[in-house]
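There are 2 protein chains.
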Amino acid sequence: MSVQAPQAATRILLEQQEMPRRWYNIQADLPFPGSPPIHPATKQPIGPADLAPLFPMELIKQEVSQERYIDIPDPVQDALRLWRPTPLMRATRLEKALKTSAKIYYKYEGGSPPGSHKPNTAVAQAFYNKAAGTKRLTTETGAGQWGSALAFATKLFELECMVYMVRISFEQKPYRKSMMHVWGADVVPSPSDRTEAGRRIRAEDPQSTGSLGIAISEAVEDAAKREDTKYSLGSVLNHVLMHQTIIGEEALLQMERANAMPDLVVGCVGGGSNFSGLAFPFLRDRLQGRTKTRFLAVEPDACPTITRGKYTYDFGDTGEMTPLVKMHTLGHRFIPDGIHAGGLRYHGMAPLVSALVEHDFIEAVAYPQRTVFEAAVQFARTEGTIPAPETAHAIRAVIDEAVKARERGEAPTILFNLSGHGLLDLAAYDSYFAGTMSDIRLSDARVQELVAAL
Amino acid sequence: MSVQAPQAATRILLEQQEMPRRWYNIQADLPFPGSPPIHPATKQPIGPADLAPLFPMELIKQEVSQERYIDIPDPVQDALRLWRPTPLMRATRLEKALKTSAKIYYKYEGGSPPGSHKPNTAVAQAFYNKAAGTKRLTTETGAGQWGSALAFATKLFELECMVYMVRISFEQKPYRKSMMHVWGADVVPSPSDRTEAGRRIRAEDPQSTGSLGIAISEAVEDAAKREDTKYSLGSVLNHVLMHQTIIGEEALLQMERANAMPDLVVGCVGGGSNFSGLAFPFLRDRLQGRTKTRFLAVEPDACPTITRGKYTYDFGDTGEMTPLVKMHTLGHRFIPDGIHAGGLRYHGMAPLVSALVEHDFIEAVAYPQRTVFEAAVQFARTEGTIPAPETAHAIRAVIDEAVKARERGEAPTILFNLSGHGLLDLAAYDSYFAGTMSDIRLSDARVQELVAAL
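Protein sequence lines correspond, in order, to chains A and B.
Using our numbering, you'd call the opening residue of the first sequence number 14 and step up by one each time.
Using our numbering, you'd call the opening residue of the second sequence number 14 and step up by one each time.
Everything labelled a hint here was simulated from the structure, so no lab data went into it.
Check before you lean on any hint, since a few could be wrong.
Here chain B is said to cover these stretches of chain A; the calculated rule only asks that three of the stretch's residues, wherever they fall, bring their Cβ under 8 Å from a Cβ of chain B [to be verified]:
| hint | region |
| --- | --- |
| 1 | 92-100 |
| 2 | 117-131 |
| 3 | 193-201 |
| 4 | 388-396 |
| 5 | 442-448 |
Away from chain B, derived, C-beta distances all over 10 Å, residues of chain A [what the hints assert, rightly or not]:
| hint | residue |
| --- | --- |
| 6 | Pro219 |
| 7 | Tyr326 |
| 8 | Arg346 |
Just so you know, even glycine gets a beta-carbon here, dropped at the ideal spot from N, CA and C.
Using the sequences provided together with the hints, build the complete structure.
Okay, structure coming up:
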């Protein structure tokens, strides 16, 4: 019989009551000073009052908090328990296929109703807004992972939800829009006629296919204009990254239970939230000198923010409505080419991730998309789960590291974030199999041009 | 603050090592004689030799076994552990929305890589075929849940896989086809030019959109013709239902842990496998006189096999290639209208389910599709998960039973099978919201005509 022998436990679960009850705020442990957001007009650090039109005070407090831990409110815990704790898996079938001595673990965040890690912060943001009396939330979304997560969360907490969806995704990826409708959200293609920012772009370019930067401008303007409305962002900001640390806090417990600690932690980065959510609780030990764990952020060659962008103050949006934040950026006017990993097409990076890169706590690598899909297919054919194109960037890096380990005769423990499944991204897989997918790399000349303008 | 108060544990998990290690074979406990499959030519009960061209001997033995329990082989357990044990959930948010005193629990089978309960039997069938030296499996699929599950399972056990997919689904639902490609299967639209059965149908009707019955004929013919190839069916047969009993065995442990036992067990039925998988382990206690639990099978008005079909011997396929089995049927030539719940469009019913209906152990009810989607949306907006259209039939019945309980002042415990998520079925939800979905009910005149021909 040529079938394989039985194996040890490969799926480590936590009981519902073991779910972590507080978030980890890495700001408390940074061994270097932070760079505060700056007001675009005054060039002075912004204060809570500047953000009050957009966010409820509890989230503004979290954004600047120096407390190491912040309790997760009970109603947020209740919502999280619809799909958390999430499983930690050992990828034994992938290890065998790679003939590697590396141990590969992954945290699976695709089991949430919207299919990604995004609702971890969406339910928290919906809760704090509901508690502060907000009636309606606006946001932007690219491929739709974040928009669908916020639609889900606002329905749980009985808020209205208005999603500005990048026009090209609105037209080409109808099904995440359908998910948002199921959860009761309004969705319009961006640039839209509903905001001045949208109308201005359309006047300049009636055929504009939109971008995340434009959609952010629209959502921010909408929220700023209406008393009953606030704005919600799915990545980049400190409080968003903090809400995702429940991933890493669970993974720490689970890795302990597996009697394994990672030598390397890997995640894909667009704005930085799924990577940070897994990495920060492990970084806590590194920052405090207790481990030498490596951290690897993986981005697309088409939008190589960390690996080739500039570390400087820049706007978060195209319309220059947000504060300036210090981050790795390709410039707020940069519109990345249309790769399938829509969630990684952001010109900037979370300031916390950027600062940790600058201080050598986080490494980064960029990949072209065909080799990313090759890794995704290898993963699906060994471990079963079909990963999202964004997540597949992390998998590419993990496979490369595992192969390197084999060649060097090393046996590292690798942990990565399987941040979402790819069941709404199957057209991208079709394109890969049909041979019509191209490797899009931002040229050096274009990077020089973009960086020079900063 | 208007947000809800914290609640008790609503998600009951089992450890990996708690996964049941044997299947429950209800044939051992039936208080009535079975009705054996009959050879269409001789009208005599078929023997193992008749089935040997299609199935490996271990599965043929399981099909007729009178053993109460059959051990799950270790490699099958390993494969199941990629996503099992699955969670049991208490639907407290739905209960609150319905203002019901009923306690509603559901077993969530949508967390498998293909997104439904189907891989529970797919990995078992792939294993037994691999062990018997089979190189290639053929099967049919409608909307693609079963085809994608078998593609996944054959990839795990390194078999080739050939899927005959009902042509209208092949054209209208491209993404489950994409999933099968990711897992390396061949997929052709049925009726195809590859088999005599397919060519005959195409000669009669070049525009044929296909049916499950036709696709079964093609898959059976392909398997019968080739020495290295066997056939695999995703429902109806005794061994398939038995492989699904791991659902109910887990649910029994979980309900005990929740200190709750169901008064009513609900599942949707196409061929009967997800319903049986959950129900049979609970039926064991009822058959042995220890409980009075009710069992409710839910089917579509467009294909009301149990509620309005005839209990008689009929073919499993359109091409009359399978044995005759005694079941509720609308006739093997009946092609149901194109409802969105493609997995429930089968003219017959599992013989075990049919016999248990005839002996009053199982009740049945049928629903039109708009009220089914109304229930699906209510579920998604309270519990989060977007259910498959098939599964939504069960949810409709659960909501109706919970409302009845409220009206009667009763507090029953209801358990249902959330057999799959609807993330590949979002076009159906679009149709529901657009108001273009129609309620398709098989007319009484047509039923009379169909039944008279049997």
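A quick look at each hint next to the structure:
1. 92-100: holds (count 3)
2. 117-131: With 4 residues in contact (Cβ-Cβ under 8 Å with chain B), the coverage given for the region 117-131 of chain A holds.
3. 193-201: With 4 residues closer than 8 Å to chain B, the region 193-201 of chain A meets the three-residue bar; holds.
4. 388-396: holds (count 4)
5. 442-448: Three-residue rule met by the region 442-448 of chain A, so holds; n is 3.
6. Pro219: holds (27 Å)
7. Tyr326: holds (37 Å)
8. Arg346: Its Cβ never comes within 10 Å of chain B, the nearest being 34 Å, so this holds.
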